[in-house]
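**Q** Sequence:
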Amino acid sequence: MSVDDVRRLKSEADEPGWEVDPDDDWGVAVVATVGRQLRLRREAVGMRAAEFGEAVGYGEDMVYKIESGKRIPRPEYLDMADEVLGAGGLLSAMREDVAKVRYPRKVRELANMEAQAVELGAYVGLSLHGLLQTPAHARALFEAWQPAYTPEEADRMVAARIARKSIFERVPAPSLCFVQEEATLRRPVGGTMVWRQQLEHLLEVAQLRNVTLQVMPTNADAHPGLSGKIEVLKFADGTAVGRSDGAYSGRPISDPKQLRILELRYGTIRAQALTPRESLAFIEQVLGET
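For what it's worth, the numbering used here labels the leading residue of the sequence shown as 182, then goes sequentially.
By construction, these hints were calculated from the structure, which means they are not laboratory data. Wrong hints could be hidden among the right ones.
As the list claims (entries may be wrong) - BS3-like cross-link-like pairs, simulated, lysine-lysine; straight-line CA separation at most 27 Å:
#, residue 1, residue 2
1, 346, 410
2, 346, 438
3, 410, 281
4, 251, 281
5, 438, 410
6, 415, 281
7, 251, 191
8, 438, 415
9, 415, 346
10, 191, 281
Just need the whole structure built from these sequences, with the hints factored in.
**A** Here it is as structure tokens:
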């Protein structure tokens with residue numbers, strides 16, 4: 182292998198944003214386990230780290246860091262390792278858990294709850310609910326964040342948000358109800374094209390039989406959602422979890438008495454919003470004005 186070939190092997194500088202969060206115990210454990218399996222497989226076939234790195238296109242130092250659990254391996258790294266080491270799909274099978282490690286812990290916990298919920302009710306006043314956002318809309322929001330995310334961090338946040346949308350593909354389908362303030366539909370996040378695509382996406386989602394989408398018009402009277410976002414998730418075993426920016430310090434709550442208060446507020450919001458049919462017509466009107 183020539184000097185030029187060595188330089189082309191991926192190094193840590195080529196792979197920013199794949200560090201392990203030391204405060205994420207589950208993530209640390211997953212990456213350490215995967216790294217150990219990679220090392221054991223490599224040693225079992227008698228390959229040196231440098232030789233293996235050349236085969237998969239990574240520098241020796243990166244190979245050691247991944248095997249020691251200090252770096253999160255990319256999904257394609259696992260696929261190449263599986264092929265080179267003849268693992269018969271065992272290494273590739275780790276892709277799903279490894280991909281989840283890249284998501285921020287709070288996002289992962291939220292996604293896990295959404296994956297188990299049989300009902301979800303949400304009111305959002307400042308931006309579109311994450312489950313309703315297109316990738317381009319989500320990216321525009323993350324790119325506007327301050328202090329600014331790096332491109333790699335933005336990629337990670339977008340991927341985490343879009344991964345949550347698998348809730349729409351679940352069988353049996355959960356009941357999903359969203360109430361959005363009119364202002365969230367009129368703000369041209371990402372520019373006219375991204376905005377139009379987002380509105381068209383809302384119209385598509387609202388046609389799903391398990392989805393109810395309502396709009397709270399700006400000229401509506403005062404309502405309980407003016408103090409912030411409200412979200413309630415209910416599960417098959419009868420339990421529920423709720424959260425509101427304007428109650429209980431924004432912390433997730435599961436106490437039945439506190440949940441009844443959030444459900445009362447959310448029910449009032451729904452009653453004051455446009456009906457689902459009126460809301461669809463309203464979104465179509467906004468789309469026609471763009």
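**Q** Starting from the hint list further up, note which numbers the structure goes against and sort them upward.
**A** Number 2 - this is the single hint that the structure violates.
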